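Colleague: Residue-level listing of the chains:
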Amino acid sequence: MNRSEDHMRAYNRGMMRSAVVSLFWAAIADRKKRGGFTFQALAKALGRDKSAISRWFSADAQPNWSLDTIADIAEALNLDLQVTATDRVTGAVYGSTGVRHAPMGLPAKPVVTTTVSGDRLRITKAPEYVATWGTKTRSMAF
Amino acid sequence: MIVARYLAGHLMTVSRRSAPRVDLEKLENIDEIWALCFRKPKPGWRLFGRFLAQDIFLGLRMYDRNELGSVENYTRLAEETVGDWDARFKGIPPLRSNNLTDYLSGEMYRDVDEPI
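As they're listed, the protein sequences go chains G and Z.
When the letters of the first sequence are read in order and numbered with the working numbering, they come out as residues 1 to 142.
When the letters of the second sequence are read in order and numbered with the working numbering, they come out as residues 143 to 258.
Just so you know, the hints here were simulated from the structure itself, not pulled from any lab data.
Just so you know, nobody snuck in bad clues.
Between beta-carbon pairs, the in silico distance windows are:
no.: 1; chain 1: G; residue 1: Arg-34; chain 2: Z; residue 2: Pro-183; range: 35 to 43 Å
no.: 2; chain 1: G; residue 1: His-7; chain 2: Z; residue 2: Asn-208; range: 17 to 25 Å
no.: 3; chain 1: Z; residue 1: Glu-222; chain 2: G; residue 2: Ala-102; range: 47 to 55 Å
All values derive from a computational prediction rather than experimental measurement.
Each residue gets a CB set at the ideal place from its N, CA and C atoms; glycine is no exception.
Can you make the complete structure from the sequences, with help from the hints?
Modeller: Pasting the structure below:
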């Protein structure tokens with residue numbers, strides 16, 4: 001494996017870890033807003049220290065959870081997880097019970113696209129900036 | 143990685159009090175200048191910029207962390223970023239708020255200044 005492939009693999013792994021951490025954070029943030037959630041209770045349900053839970057959601061933490069740990073956290077948060085995979089070329093969506101969505105045709109080709117774990121990075125030229133990046137969620141320019 | 147995580151809408155750790163080891167830091171005593179912190183690989187990079195609106199971050203200067211060096215030099219270069227904004231976007235104010243939700247939507251941030 002060459003250096004570029006090493007970087008891509010590390011990137012994909014990091015984004016996968018970040019996606020799972022962010023998924024659980026979304027539930028935690030929502031529960032906190034509605035009241036009644038405590039990290040102490042979550043730590044107790046998982047049989048871990050509160051400080052360990054806090055570290056999971058720290059900058060650059062990107063914990064490499066096992067599937068067992070992910071299942072434990074989901075259970076502690078009273079969440080049912082749904083797993084799907086999207087074909088990067090055809091857009092077909094697969095679930096654990098088979099094909100969920102088979103596209104009629106290929107997606108339109110953007111200017112430059114790098115797709116990793118379903119997140120899309122699009123690079124375009126803009127008059128004011130060197131480049132702009134955007135997703136449906138956030139955008140950045142410089 | 144940090145840019146990809148930001149764009150994907152993933153969890154970001156945020157501080158407005160110069161807490162160590164966060165993803166996004168609002169620099170104290172500098173008018174609405176934020177630093178997006180690339181911490182790995184060491185020594186990392188800092189992208190100084192401002193929010194134009196919710197979820198829209200405009201990066202204005204980027205430095206190797208070693209190049210920034212001392213606190214004094216870091217602060218001086220960050221302060222100069224205000225002038226960069228004024229030169230490019232004269233008359234357009236940056237986003238200003240006391241509420242982090244106004245900067246990042248969806249509650250997908252952890253305010254490390256608040257105890258969990």
